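**Student:** Could you put together the complete structure from these sequences and hints?
2 protein chains.
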Amino acid sequence: MHGIRRALRRGFSVKIFENSVDAVEDIRNGSRIAIGGYGACGVPENSIRALHNLGTYDLTAYTATTGVLGWGLDLLIRNKQIKRLITSHSGFNTTFNKQYMAGEVELELIPEGSLAARLYAGGAGIPAIYTKTGVGTVVEEGQFPIKYMPGGHGVEIYSGAKEKRRFRSQDTLMEEGITTEYSLIKAWKGDTKGNLVFRRTAANFNTTMAQCARVTIAEVEQIVPEGELDPDDIHVPAVYVHRLFKGEFYEKPIEHLTLLSESNKLSSRHTTDLAHKLRIARRAAKEIEAGMTVHLGLGIAGLIAHIVDPKLGVMFHSNSGAMGVGDYPKSGLEDADVINSSRETVTLLNGASCFSSNESMDIVRGGHVDLNIISGFQVSQYGDLANWYLPGKFAPSIGANMDVVSSEKTKNIVTMMHTMQSAPKIVKECTLPLTGKKCVHMLITEKGVFDFTRENTLTLVEIAKDVRLNEIREVTGCNFNIASDLKPMD
Amino acid sequence: MHGIRRALRRGFSVKIFENSVDAVEDIRNGSRIAIGGYGACGVPENSIRALHNLGTYDLTAYTATTGVLGWGLDLLIRNKQIKRLITSHSGFNTTFNKQYMAGEVELELIPEGSLAARLYAGGAGIPAIYTKTGVGTVVEEGQFPIKYMPGGHGVEIYSGAKEKRRFRSQDTLMEEGITTEYSLIKAWKGDTKGNLVFRRTAANFNTTMAQCARVTIAEVEQIVPEGELDPDDIHVPAVYVHRLFKGEFYEKPIEHLTLLSESNKLSSRHTTDLAHKLRIARRAAKEIEAGMTVHLGLGIAGLIAHIVDPKLGVMFHSNSGAMGVGDYPKSGLEDADVINSSRETVTLLNGASCFSSNESMDIVRGGHVDLNIISGFQVSQYGDLANWYLPGKFAPSIGANMDVVSSEKTKNIVTMMHTMQSAPKIVKECTLPLTGKKCVHMLITEKGVFDFTRENTLTLVEIAKDVRLNEIREVTGCNFNIASDLKPMD
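Protein sequences appear in the order of chains V and D. Quick note: to get this note's numbering, add 1098 to the position in the first sequence (first position is 1). Quick note: to get this note's numbering, add 1098 to the position in the second sequence (first position is 1).
Treat the hints as calculated values from the structure; they're not laboratory data. Any given hint might turn out to be false.
To be verified - Mimicking DSS-like on lysine-lysine, the simulated pairs with C-alpha atoms at most 30 angstroms apart in a straight line are: (1) D:1287 - V:1409; (2) V:1509 - D:1262; (3) V:1245 - V:1563; (4) V:1384 - V:1409; (5) D:1535 - D:1491; (6) D:1535 - V:1113; (7) V:1507 - D:1113; (8) D:1409 - V:1181; (9) D:1585 - V:1344; (10) V:1409 - D:1509; (11) D:1113 - V:1384; (12) V:1262 - V:1563; (13) D:1196 - V:1287; (14) D:1262 - V:1262; (15) V:1113 - D:1181; (16) D:1181 - D:1384; (17) V:1178 - V:1245; (18) V:1409 - D:1262; (19) D:1287 - V:1287; (20) V:1563 - V:1509; (21) V:1262 - V:1536; (22) D:1181 - V:1507; (23) V:1507 - D:1287; (24) D:1409 - V:1113; (25) D:1585 - D:1535; (26) V:1113 - D:1509; (27) D:1535 - D:1509; (28) V:1287 - D:1563.
This one's a predicted model, so the numbers in the text were calculated from it and none came from an experiment.
**Tutor:** Next comes the structure, spelled out in structure tokens:
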């Protein structure tokens, strides 16, 4: 090994660049690039704009989400500069989804925690890790269409199966570390040495992507002299940062503006079936005990931070990278740097902390939260869960769902409407791609509450006051037990 | 998996305890405990004192170092409360070493980066990782004596061999995640919610040990109300912390007080052969270019931060958890929370950053530093290095040495005296246990400079002015080439 593998072409000191074009113009067509951001939060918008203007193409891009339309990563997608996107959430971008279905772009879907862990491992000189995330799903089995044939007829490239290995009676999958040629990241402040500081949930994937690249290009809102940042407050040490520039212009759009009205009522989103959704959320909230740490997933779960009495001291975790998420903000107090997993504007409670997406995923995968409250498309009688792909309606978007249900230490409560367009969502066997097997402990719909832990059988334990038992039977796709002590759902 | 594996016995909210005894008294004999700290820095001294007073025994303890005599972990060692110590540095504690050699205590030696990574993985729900650290050494091969027979005659327990696997033409070892029943950690400040903040290099293993335990017990110098710590400045989110108390008393001793005299001269340590050691350090310093990031190991390397012109903007990395280590402090400016890898008091330069030991090891293992300057006991003609175990003189202490040389991206310069008690240290084959194979690129002694990269052969490229070639031949244990352009060592 006497040769040193890296001819140190990138130079030693961090280079301060004048502008975004200077910083990214040597990126060649065909490069592998990690791009920070989560939704519209913490996105290296200036670097992306420059790359768009330069027209660099055939890019392999690693990114948490596909962001918002007409801005950020979407500029590169629209302009067909991306050859392959490796992401957790592709579902939000209609342009991308059309290109994908037409066989114009490749998609590698990776669970959010596995993506973060793989980027982390790559940067840390760890060639592979094992994780429980994705066991029993398409992630393990492969055969996910990475690329459709031109025109969308048939599949040209499928994903491969993962190597499986058992540790202490738990199945796990091997996931390999990822290194990239470049990372484009965005921080709040950088010092002239290259040390970076993030603001709130804008850290997300930027932290870890700083570490995985041969050349890390950081854009910041402010450059400060070295010595101004306290050594204890630095999120990314300068050793990881090779180029730095002050972004020319920050739009920092808000993807989902969610506000409280003057009367503390929800004023936007969540309007369809709001009464039913609130009923579900209120029932789920009853499972929360004082002082608990609770992970809130997408959809109905997002309403729970609005419902639970702050006096209970509950800490809500959001995989946008925060613990201690509060209610939606009042108008004028929204902050583009403070979002939840659904990419809605939220507030932070006293005692909140913000951290990277990698740490966020370590928290759920490591089983450090007491309760997960998550969404569902289908739940089987065995407690299998499908909640990431609804063909025809919702593009594939694994997100953090598989990571969240991967820990055997945390109780999983699924909150969902009982049916979808009259079709049962509680079924014998899930027909939609799975998120996890036998992972649901409790299921709450607008019609009742089911328990999966009583004798390992699906058991109706509570029934909504306006619902008759037969009505539930009619809209449930499988048999279920009825608890001898069936209670009204309150 | 419908049962949830953890009956949540530890409670939800962080509990604020009145004192150290209350916080640790339920720890049973035979428990597995991670104990934070590096040398005398960031040590949970109050928890340890309480455990010592309670007399809890048969403990399996995970710790970075064995600390200093008569204080901290040594209280438990002396009192024979430890059954097995899992550590990177056992060499510093003479009491422990006597017990170990007499078969009274078990020792599992793990490279510092692998220990950090295993604790990290355990906390993050990752059952195993692969690492290049330790390939070709006793870590891979096993047969390290974990326990000697009573009286020290023969070996009762040997370490096992590690599973090896090749990734992209690099051999790696599988290392399993570690979880513990308890962690005792020490932070600077904690808020009433349980969020923690560290000061300078006192973070070290405390950060990662907060994550690996079923019950994490944190002691702090100050408790502040929730909301007082900025969410962006929190090092350990409250979700990891189950018990918190304000330490009754902090001694915070300094292990190696290293000071600059008024005239900026070194006033302590490094007195033996100081002139020769400074010659070696000065020559090594010439390899450092402006803006480089350089890892400094133990011994002679520690002198280099004292030598290099601060104007060069070089950032020195220390595996005590800092980037940007400066010179030794002047008297009165020493800070028990600011130490280097040799556990000497140092200063931090403008632009410095402090981080956990896990991040520190990710930085070296990931190949993010440009240059490693490290110590050596033996270097073979092939560039093999032995620098962690000198039987009879220096107890086994792998430290971070194997992690530091594990990256193929970083140049390794060994600085050492040419001989030890007249015996050659440059040899045909290392007879001491290896740190790494074929990992040395350059070797600097007080007599000359050797290059290992020219035609993959040991080549003398510089010779000290007061030394003749024959003299080098006589004290070198193997043949070497002489560069056609042999230069004076300056």
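**Student:** Would you pick out the hints that fail for this structure and give their numbers low to high?
**Tutor:** 2, 3, 6, 8, 9, 10, 12, 13, 15, 16, 18, 28
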